[in-house]
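First to last, the sequence lines map onto chains A and B.
For the first sequence, my numbering begins at 873 and goes up steadily by one.
For the second sequence, my numbering begins at -3 and goes up steadily by one.
Hints are supplied without guarantee of correctness; some may be wrong.
[Unchecked claim] Only part of the chain B face toward chain A is listed, based on derived beta-carbon distances under 10 angstroms:
| hint | residue |
| --- | --- |
| 1 | M20 |
| 2 | L37 |
| 3 | M44 |
| 4 | T65 |
| 5 | I69 |
| 6 | T70 |
| 7 | V75 |
| 8 | I79 |
| 9 | Y112 |
| 10 | L206 |
Because the hints were derived from the structure by calculation, they are not lab data.
Predicted, not measured: the structure shown is a model, and the values here were computed from it.
C-beta atoms are modelled at their ideal positions from N, C-alpha and C, and glycine is treated no differently.
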Amino acid sequence: MLHAHVTTPKLVIAWLSLLFFTFISFGASRLGLGGWEIGIALGISVVKSLIVLFIFMHLVEQRFANRLIVILTFLFIVLAVSLTSTDPLTRRTFPPRPDPAAHPYP
Amino acid sequence: MHASRLAEQFETIEKQEHAARLAMWVFLGSETLLFGALFALYGAYRVMYEGEFVESLHHNDVLLGTTNTVILITSSFTVALAIHFVRASRSGLAALMLGVSTLFGAAFLVVKFTEYAAHVREGVLPAGMYSLAAGQQPPGGAIIGATLYWLMTGLHALHVVAGMILLAVVGIGCARKVYSAERYVAVENAGLYWHLVDLVWIFLWPLFYLTD
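I would like the entire structure built from these sequences, with the hints used as guidance.
Written out as structure tokens, the structure is:
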């Protein structure tokens, strides 16, 4: 059943590349890229999580059933986050958001 | 030995262990969805209160956050090494690696609580407790940002504590030679939980520290 096998060198490479991507992510955030910043940061995070999932969590050597759970979880989160954020982004109502000044904390 | 720990409903030990692993993945999936709901709130409030939301993130210390990222990534690496060693029947080394990983977890919490203490001193607290130095009311979006910060990192810190307990328990099991190459699915599942803690932080770090 085990086609691919996670070996010690692979683990070390995975760890080093995670540190590398952390460095890249940190560096990119200092460039002041404005609107692109969050997209780039999240993109790098997705790459890092794939490394953790496939190498550290051994997903590369497991059955498809386990991978399916990861795929579905990821899709559900993308759906939840994108739909929930699209609502306030595309509102044409007034006011676009609740006014906290109208009901300040006591 | 196999026959004794094979539950009645399974034909083989492989099937039993696949079931245990699959159940862990399902559990981790549901845990991730719990955080997913909070990420959705983060997204919605961030676009709703653009500038104000980001104001609350200025209080976060990028250096401490990045230190914690490195700590958690390295702890994930040592946990992966522990699984590697227990599979090779080197239980002593596996126990050592799990012990080291538990200490990394403790280091993460020390850094996190140092930061929390600074927030408390500055008055950056959730909801209505959030106050600025001059006693002014912070803008509504900043209050929501600070509340989500405390909620998401606090929930993550609770997961770190749970993960440390799991790692310590299987670590002791490895030291006592309960786990070996023939029997290690419990160590593997505890490791999977720890990697999830790392995965969540991989997303919390850019959202709360880098993108302000």
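Checked hints:
1. Contact between B/M20 and chain A, as hinted, is supported at the beta carbon level, the nearest pair being about 9 angstroms apart and thus within 10 angstroms.
2. With a least beta-carbon distance of about 7 angstroms to chain A, the hint placing B/L37 at the interface is held under the 10 angstroms criterion.
3. Of the supplied interface hints, the one on B/M44 holds, with its beta-carbon coming within about 4 angstroms of a beta-carbon of chain A, less than 10 angstroms.
4. Residue-level restraint check for B/T65 holds (minimum Cβ-Cβ distance to chain A is 5 angstroms; threshold 10 angstroms).
5. Look at B/I69: its Cβ gets to within about 5 angstroms of chain A, closer than 10 angstroms, so that hint holds up.
6. Using the Cβ-Cβ criterion of 10 angstroms, the hint placing B/T70 at the interface with chain A is satisfied: the shortest such distance is roughly 7 angstroms.
7. The restraint placing B/V75 at the interface with chain A holds, with a minimum CB-CB distance near 7 angstroms, inside the 10 angstroms limit.
8. For B/I79, the suggested interface contact is upheld, since its CB lies about 7 angstroms from the closest CB of chain A, less than 10 angstroms.
9. The beta carbon of B/Y112 is not positioned within 10 angstroms of any beta carbon in chain A (closest approach about 21 angstroms), and the interface hint is therefore violated.
10. At about 4 angstroms, the closest approach between the beta carbon of B/L206 and any beta carbon in chain A falls short of 10 angstroms, and the interface hint on this residue holds.
Checked against the numbered hints above, the structure breaks only hint 9 and satisfies the rest.
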